[in-house]
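*Asks:* Given two chains presented individually in distinct reference frames, assemble the corresponding complex, making use of the accompanying hints.
These are the residues of each chain, in order.
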Amino acid sequence: MIDRFLYLVSEGVRSFWRSRTTALATTTAIGIAASFVLFIAVVGENLSRVINLARDQYEFEVFFDSDLSDNQAVEVAEKIGALKGVRSVSLITKDRAAEIFEQEFGENILDLVDGNPLPTGCTVTLEEPAQGRLYVEPVIKRIQGVTGVDEIRYQGRLISMIERYYEGLLAVVTALAAAVLFGTVVLISNTIRLSIFARRDLIRILKLVGATDRFVRFPFMIEGLLEGMLGSLLAAAVSYGFVEGANYFLSLFTHYQIEWHAGPVILLATVITLFALFGSMRAVRKFL
Amino acid sequence: MISFKDVSSKFDSGAGIEHATFDVGPGEFVCIIGPTGAGKTTLLRLIHMDILPDDGKVTVDKFSSDKIKRRKISLLRRKVGMVFQEFELLNDRTVFDNVAIPLHVQGVGMKAVKEEVENCLDRLGISDKRDHLPSELSGGEQQIVSLGRALVKDPLVILADEPTGNLDPAASLRVIELLEEINRDGTAILMATHNYSLVKDRGHRFMQIVDGEVRG
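Going down the list, the protein sequences come from chains A and B. For what it's worth, my numbering labels the leading residue of the first sequence as 1, then goes sequentially. For what it's worth, my numbering labels the leading residue of the second sequence as 289, then goes sequentially.
The shape of chain B in the complex, shown without the other chains (with noise of 0.2 Å):
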């Protein structure tokens, strides 16, 4: 699903991923490990083809990065869904709102919208919250809605950049057992983390990115 052909991406401060060639299937559960700047968020953004590689060929599903088209990434990322550490959400819309975007996206129907939304809510744990504000919220319940933006729209993966980063343990705890919970649903899954104690036991692969060199 997932295919990194000898990829190379480098910043012109130096940092990146270099000669990386990996495959991750569908319904895997992968985490990314490395330092702060090894070159996790840049994998993840290659995959999401937010930037293009320098050099080698990433694919995902039926998209590649050396033939695709800049008008056709956008049907890329209707099935790539993605995390951040930062939430990403806007404060000016209700719970609702921020996870009904992607749909509106895709042009599905308003009473469509009303219903998956709501499965996603309930999914998750926090239809209690749709009609709250993220500021409302505390960081786990903003996380959560964040991931239920990216879940709605039902991705074959989810990418989620330092999801428990901004996180308390018990918050982070609840944030892995929801990706987990998503993974056996058939999504896969690639979390990049520094925070290897937090995933280390939970029996998932691994890939280790140091200096731009990815292992595993």
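The shape of chain A in the complex, shown without the other chains (with noise of 0.2 Å):
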């Protein structure tokens, strides 16, 4: 069983080698546009860190209705907190209010005024999303549909700009992503068909001796396969190289440098290699 394999896996070797000008023109091709849909998912997997720093930024401040008692206000704190898409609530009661102001205004409220005017209230912090945009406008109209909130504030234009340049940046990088992929699989198609037709003295003496379909589509499988790993590998090592290209521009204006993980352009590698391998399937599914 093993001896098979590993003679199967040696023709797919060789046949790599045999139509290794088409081989290595597809592996090149696969990595080149790999290599951009790598870099772009690096920057985004950069970026996405740097998005995911500015949503904990994001905090709203809900002010409830200015004749709500402080067990009240607990309640409509409690509320929200339970809403969906919210982390976290702090509630502000007046007297947490008055000493916030004298915070920043250095004044106590109560000199300035008969009574404690300010709002009670709350502070509110949003849960991020696994992936994708964060849509602030629903939980806000969560929060104003409870009783007793008065008034919302937010940065809503900042955060609404933010989450829609990163959702176009997932959306590139998606488009991108399939497009390779479906280049992938009819490049490997296309090169395996190639292969199969110079190949065909060996596949009519194979099928003469008693092979089997599996036994003769088994090394352009390999084949597929091992050009889909090359590209890869071409597409990791070019991203690599575009990476450290773009570090060493942006050491010229900044701190910030790209980091490059292993780990999407792992993934990604691998999703290339098992199309590849859809590809090599396709083609002697269909010309074997």
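Just so you know, these hints were derived from the structure itself, not from any lab. Hints are supplied without guarantee of correctness; some may be wrong.
[Unchecked claim] Only part of the chain A face toward chain B is listed, based on derived beta-carbon distances under 8 Å:
hint	residue
1	Met1
2	Arg4
3	Asp201
4	Leu202
5	Ile203
6	Ile205
7	Val209
8	Gly210
9	Ala211
10	Thr212
11	Glu259
[To be verified] Here are the simulated BS3-like cross-link-like pairs (lysine-lysine), alpha carbons at most 27 Å apart as the crow flies:
hint	chain 1	residue 1	chain 2	residue 2
12	A	Lys94	A	Lys79
13	B	Lys293	B	Lys345
14	A	Lys207	B	Lys402
15	A	Lys286	B	Lys357
16	A	Lys207	B	Lys488
17	B	Lys357	B	Lys293
18	B	Lys360	A	Lys286
19	B	Lys367	A	Lys207
20	A	Lys207	B	Lys360
21	B	Lys293	B	Lys350
22	A	Lys207	B	Lys298
23	A	Lys207	B	Lys345
24	B	Lys350	A	Lys141
25	B	Lys355	A	Lys207
26	A	Lys141	A	Lys84
27	A	Lys207	B	Lys399
28	A	Lys207	B	Lys357
29	B	Lys367	B	Lys355
Every residue gets a Cβ at the ideal spot worked out from N, C-alpha and C, and that includes glycine.
*Replies:* Structure below.
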């Protein structure tokens, strides 16, 4: 069994070597196209961390109706805390509001006016989505629907802008990745088709001596897998070069450096390799 | 071992065989003679189940043309060796590698492959050519390599389709002698040839095909 497997793998490598010009052209095309996707994915991953840092700063100030008692204010804050999309709530009572006023303006508000006119309220932070854009508006609407809420203040325009750009980048990476994966399937499929044509003598002889379809197909699948793997490795190396180059330019203006993490690179390289395998399977099913 | 029951197989061109009924037993040496286009190759292809009959039934060992599933045909072919007029060798592989192919297909271990191929090449007298490419050999030697590829898997029967068609008289005689030697060890041989004079006095069974009709 192992002997047969090793023989088939060696046949796959031999097949790759025999059609090396076409195979290397395919590998290079996949590698270069995928390297752009990898580079953008690495930048996106870096940006994602920046976005998450920014999201940690998203904080809404919610003001309650001025006639609420402290107990009612606690109930309203608890209701807000239970809403979908809300991560945490910090209640700010009238007394706490007065303390904040004094910290910020250096004067006790009770010395300026009769009674404490500051409203009870709370600060709200949001749950971050596992992936994709964070939509603020639905959370705002839910908070506005809670009885006792008077007003909500937040940096709406800034948050929306950050999220919109981030969402756009994700869409670009997704579209590019889809195009590269589709291209990988087509390229590998065509290369294997040529390889099948070039090795029709071997195929005929194998069938003649009793090879099963699976036995005949396996080396071509190995060949496609090799092309995908080499293309992925090339893409990883080139994308690393892109990151290093980008960091050189960034270092001229800022201390910020793009970090090259193996995680997304390995993930995308694996997906490309699997799609290459799919492309070769498609070819052998169609042409053998 | 091989049985044809009222087998017909016709091509659009009209060539083929009609209503053929015969049996070939284990260890027989059968010469199929007839002019070019008479249906000799069709008959061999039917045994190899490269084509299936339009009518009738072909049985080879336990495989029957009316019941066999496509994926089982490969199992039949492991028991049947084929030798062609055009040798059908892979020119980018050595003699050793060409002969070893059927054993790899059967999943034989590397060590056993080496042993069996070397035995086979010894038996055929071409062990000194084991590392040569087919293009470095004469036509006769190439046909012997082709014979080795058929023989190495220890088949029940070897089907030889005009094996001497491209060979000079001396090489032709050598190939016939080797086939006879293999046959003496128990392997049945079915050899299609249009060169009757080459095989006429050698004591084999003859089947004649004329315009698709099998006699004898």
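*Asks:* Against this structure, judge whether each hint is valid.
*Replies:* A quick look at each hint next to the structure:
A distance limit of 8 Å between C-beta atoms decides the matter here; for methionine 1/A the minimum to chain B is near 7 Å, and the interface restraint holds. Given hint, arginine 4/A at the interface with chain B, holds; its Cβ is 4 Å from that chain's nearest Cβ, closer than 8 Å. Hint status for aspartate 201/A: holds, given a least beta-carbon distance of 6 Å to chain B, under 8 Å. At about 6 Å, the closest approach between the beta carbon of leucine 202/A and any beta carbon in chain B falls short of 8 Å, and the interface hint on this residue holds.
A cut of 8 Å between beta carbons decides the hint on isoleucine 203/A: the least distance to chain B is about 11 Å, and the hint is violated. A hinted interface residue such as isoleucine 205/A counts as satisfied when its beta carbon comes closer than 8 Å to some beta carbon of chain B; here the least separation is about 6 Å, so the hint holds. For the restraint placing valine 209/A at the interface with chain B, the shortest Cβ-Cβ distance is roughly 4 Å, inside the 8 Å limit, so the hint holds. Hint status for glycine 210/A: holds, given a least beta-carbon distance of 4 Å to chain B, under 8 Å.
For alanine 211/A, the interface hint holds, the least distance from its beta-carbon to any beta-carbon of chain B being 5 Å, beneath 8 Å. Annotation: threonine 212/A was flagged as interfacial toward chain B, and the flag holds, the nearest CB pair being 5 Å apart, inside 8 Å. With 8 Å as the threshold, the beta carbon of glutamate 259/A stays out of range of chain B, its nearest partner Cβ sitting at about 47 Å, so the hint is violated. Straight-line distance between C-alpha atoms of lysine 94/A and lysine 79/A comes to about 19 Å, which keeps the hinted pair within the 27 Å bound.
For the given pair, lysine 293/B sits about 5 Å from lysine 345/B by alpha-carbon distance, which is consistent with the 27 Å threshold. Taking the CA atoms of lysine 207/A and lysine 402/B, the gap is about 22 Å. The hint holds against a cut of 27 Å. Between lysine 286/A and lysine 357/B, the direct Cα distance comes to roughly 20 Å. Compliance with the 27 Å bound is thereby established for this hinted pair. Note on lysine 207/A and lysine 488/B: the hinted pairing is violated, with a Cα-Cα distance of about 33 Å set against a maximum of 27 Å.
Proximity of lysine 357/B to lysine 293/B is assessed by CA-CA distance (about 19 Å); at most 27 Å being required, the pair is judged to hold. With a C-alpha separation of about 21 Å, the suggested pairing of lysine 360/B with lysine 286/A holds against the 27 Å cut-off. Restraint check for lysine 367/B and lysine 207/A: satisfied, since their Cα atoms lie roughly 13 Å apart, inside the 27 Å limit. Proposed proximity of lysine 207/A and lysine 360/B is supported: the alpha carbons are some 12 Å apart, at most 27 Å.
Distance restraint check for lysine 293/B and lysine 350/B: the Cα-Cα separation of roughly 15 Å lies within the 27 Å cut-off, and the hinted pair is therefore satisfied. With a CA separation close to 23 Å, the supplied pair lysine 207/A and lysine 298/B stays within the 27 Å bound. Distance hint between lysine 207/A and lysine 345/B is fulfilled; the C-alpha atoms sit about 22 Å from each other, no more than 27 Å. Among the hinted pairs, lysine 350/B with lysine 141/A is inconsistent with the structure: their alpha-carbon atoms are about 77 Å apart, more than 27 Å.
Among the hinted pairs, lysine 355/B with lysine 207/A is consistent with the structure: their alpha-carbon atoms are about 20 Å apart, no more than 27 Å. Straight-line distance between C-alpha atoms of lysine 141/A and lysine 84/A comes to about 11 Å, which keeps the hinted pair within the 27 Å bound. Between lysine 207/A and lysine 399/B the CA atoms are separated by roughly 24 Å; this keeps the pair inside 27 Å, and the hint holds. With a CA separation close to 15 Å, the supplied pair lysine 207/A and lysine 357/B stays within the 27 Å bound.
Our distance criterion of 27 Å between C-alpha atoms is met by lysine 367/B and lysine 355/B, whose separation comes to about 18 Å.
Of the numbered hints stated above, those contradicted by the structure are hints 5, 11, 16, 24, listed in ascending order.
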